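Engineer: Given next are the chains, with one letter for each unit.
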Amino acid sequence: MSKAAIQRLKERFPDAVTDPYEGVGGDAVAMVRKDRVREVCRFAKDDPALAFNLAPYITAVDFLGSDPRFDLVYQLSSTVHGHRVRLRVGVPAADPRVPSVVEVWKGADWYERYCWDMYGIRFDGHPDPRRLYMYEEFVGHPLRKDYSLRGRQPLIPERVVDEAFRGPGPAGRD
Amino acid sequence: MSKETEQILQNPAPPADALDAPFPSKRMHVNLGPSHPAMHGTVRAVVELDGENIDSMKLDIGFLHRGFEKSCENVTWTQVFPYTDRLNYVSSIMNNVGYSLAVEKLCRLEVPERAKYLRVLTSELHRMSDHLTLVGAMGLELGAMTVLIYCMEARDILWDRLTEIAGARLTSNYARIGGVARDMPDGWQDKVERTLVRVAGLRDEVDKLLTRNRIVMDRLVATGRISRADAIDYGFTGPCLRAAGEPYDIRKASPYLVYDRLDFDVPVGSNGDNFDRYLMRLEELKQSERIVRQCFEQIPPGDIVVEDYRYVMPPKPQVYGTIEGAMAHFKIVMEGIQVPAGEAYSCTEAANGELGFYLVSDGGGRPYKIGVRAPGWNMLMALPAMLQGELLADLIPTFDTINMIGGEVEQ
Numbered sequence: 029m030s031k032a033a034i035q036r037l038k039e040r041f042p043d044a045v046t047d048p049y050e051g052v053g054g055d056a057v058a059m060v061r062k063d064r065v066r067e068v069c070r071f072a073k074d075d076p077a078l079a080f081n082l083a084p085y086i087t088a089v090d091f092l093g094s095d096p097r098f099d100l101v102y103q104l105s106s107t108v109h110g111h112r113v114r115l116r117v118g119v120p121a122a123d124p125r126v127p128s129v130v131e132v133w134k135g136a137d138w139y140e141r142y143c144w145d146m147y148g149i150r151f152d153g154h155p156d157p158r159r160l161y162m163y164e165e166f167v168g169h170p171l172r173k174d175y176s177l178r179g180r181q182p183l184i185p186e187r188v189v190d191e192a193f194r195g196p197g198p199a200g201r202d
Numbered sequence: 011m012s013k014e015t016e017q018i019l020q021n022p023a024p025p026a027d028a029l030d031a032p033f034p035s036k037r038m039h040v041n042l043g044p045s046h047p048a049m050h051g052t053v054r055a056v057v058e059l060d061g062e063n064i065d066s067m068k069l070d071i072g073f074l075h076r077g078f079e080k081s082c083e084n085v086t087w088t089q090v091f092p093y094t095d096r097l098n099y100v101s102s103i104m105n106n107v108g109y110s111l112a113v114e115k116l117c118r119l120e121v122p123e124r125a126k127y128l129r130v131l132t133s134e135l136h137r138m139s140d141h142l143t144l145v146g147a148m149g150l151e152l153g154a155m156t157v158l159i160y161c162m163e164a165r166d167i168l169w170d171r172l173t174e175i176a177g178a179r180l181t182s183n184y185a186r187i188g189g190v191a192r193d194m195p196d197g198w199q200d201k202v203e204r205t206l207v208r209v210a211g212l213r214d215e216v217d218k219l220l221t222r223n224r225i226v227m228d229r230l231v232a233t234g235r236i237s238r239a240d241a242i243d244y245g246f247t248g249p250c251l252r253a254a255g256e257p258y259d260i261r262k263a264s265p266y267l268v269y270d271r272l273d274f275d276v277p278v279g280s281n282g283d284n285f286d287r288y289l290m291r292l293e294e295l296k297q298s299e300r301i302v303r304q305c306f307e308q309i310p311p312g313d314i315v316v317e318d319y320r321y322v323m324p325p326k327p328q329v330y331g332t333i334e335g336a337m338a339h340f341k342i343v344m345e346g347i348q349v350p351a352g353e354a355y356s357c358t359e360a361a362n363g364e365l366g367f368y369l370v371s372d373g374g375g376r377p378y379k380i381g382v383r384a385p386g387w388n389m390l391m392a393l394p395a396m397l398q399g400e401l402l403a404d405l406i407p408t409f410d411t412i413n414m415i416g417g418e419v420e421q
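Chains A and B supply the protein sequences, listed in that same order.
Per the working numbering, residue 29 is the first one in the first sequence, and the count goes up by one each step.
Per the working numbering, residue 11 is the first one in the second sequence, and the count goes up by one each step.
Derived from the structure by calculation, the hints contain no laboratory data.
Please note that a few of the clues may not be correct.
[As the list claims (entries may be wrong)] Quick list of simulated restraints, FRET-style, between CB atoms:
(1) A:122 - B:66: 18 to 26 angstroms
(2) B:99 - A:159: 51 to 59 angstroms
(3) A:165 - B:195: 23 to 31 angstroms
[As the list claims (entries may be wrong)] Restricting the straight-line Cα-Cα distance to at most 27 angstroms, the calculated cross-link-like pairs of lysine-lysine (DSS-like) are:
(4) A:134 - B:262
(5) A:73 - A:38
(6) A:173 - B:36
(7) B:262 - A:62
(8) B:36 - B:80
Treat the numbers as computed from the prediction; the structure is a model and nothing was measured.
Beta carbons: idealized from backbone N, C-alpha and C, even for Gly.
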């Protein structure tokens, strides 16, 4: 059923939807060209045979060292037909801008803000493109693979651990 | 003496229509949270008030952000389980199960029947505890402290049973890749059945106290409404979506584990208001009880983990007695489970809706990417739209009934 959905998308957008494949466990997946995302999503939502009406889960993956570097992933699902597909969009590091789908699904709002915050992917046409978790003064995007695991950037200088009150317990453990 | 005081002293009588004069309504910004008893978790809401009505509202989240995904990318697949406990900390086994199903999808593993039943059983007990927490907290914040006490008692005896099987009260860490950690202890089924009776009694007490209570109905009926179309558009799932009238439940739409063999109903509301969302929870408590009882009837004897030592720790006699066992143990502890390269998305129906895990593996011992679709995310996102023009007082029950859990939303 989900494969038929991908097929239908491919027939409608032969040049924007490419490389359909069957993922692990029978997931139906296809790649979508970056600048056509909104158009494809709009059709996927409005077409009665597809009816992907539930707002999708959007996340990104950073494949550092490959091109395109980022992989933006849309998990579409439908409450009408109960089927799911996954659309993957390659986003190059040089131009990390993708059309926003907030005007298609209102529920895409925070997921896109999350992708901006954590991966630095910009969404054109997003109504409120702030960071989601981190503060606006934060520099960089923490889920990028080149962001250090222990990278800290406090707003006020941190005291060294020895000075801070550690509570009762064995001293000098740090 | 100032000029105004002089004037007042000279004309002591107030104007005749002083009582009817409109209050000067001043626009006001109220900053709720991040640390406020009614803002569960640490959500900051900046509410712009026009009199008592909410004119606009902005949410600011991230105060509880602990870098779940970044942490998970730097530990082995097995070490992720304790982190998932801390996503929705009220129903941690559901997160464990959701994550292990996603990893098993990548590994093409089929878990033994008994493990499937144990997963469903403990998940449903945790679903009950999640709903009880919501009802109790909502009661408390509407001024019904008794309800909180009843719900906490019910939740605590459920957690006692879960402690007996999982070993921990809150952060259960129960599921494993390929099965579950422990089998039922002796006499556990009896204890759970007695607990279910007690919980049902407390649930009925709460039902009597709240459902036809005039004060509660005034606060809940027709407040925090969302239409069916909007709920879908915002990506609501779980009880909040069903309260708006959309009969969508992943346990029915694409059954996982053994849900296709269990007989249970999915309650569906019609108004999408706070009252319906509360009723969904009460009804699901009854359905979860049915599921648990059926699991006890159907559960077969057998293994609780797969016997594939690439994924599961061998039993201790084998580790200490055979070279193969020692090697398998060493490989899992030092290198982690080797999950085949690829990507997979797996979703389960958690207490508040669709809990999805998007996993990417590069074939190594550590996850390349773990994405969590937390159910509360969409509900919290829609809160400003749901409360547009409503009273400030309605924010509190609405925030309760969407049951946003800080741990999973803010990761």
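Engineer: Are any of the numbered hints broken by this structure? If so, which, sorted upward?
Structural biologist: Failing hints, ascending: 1, 2, 3, 6, 7, 8.
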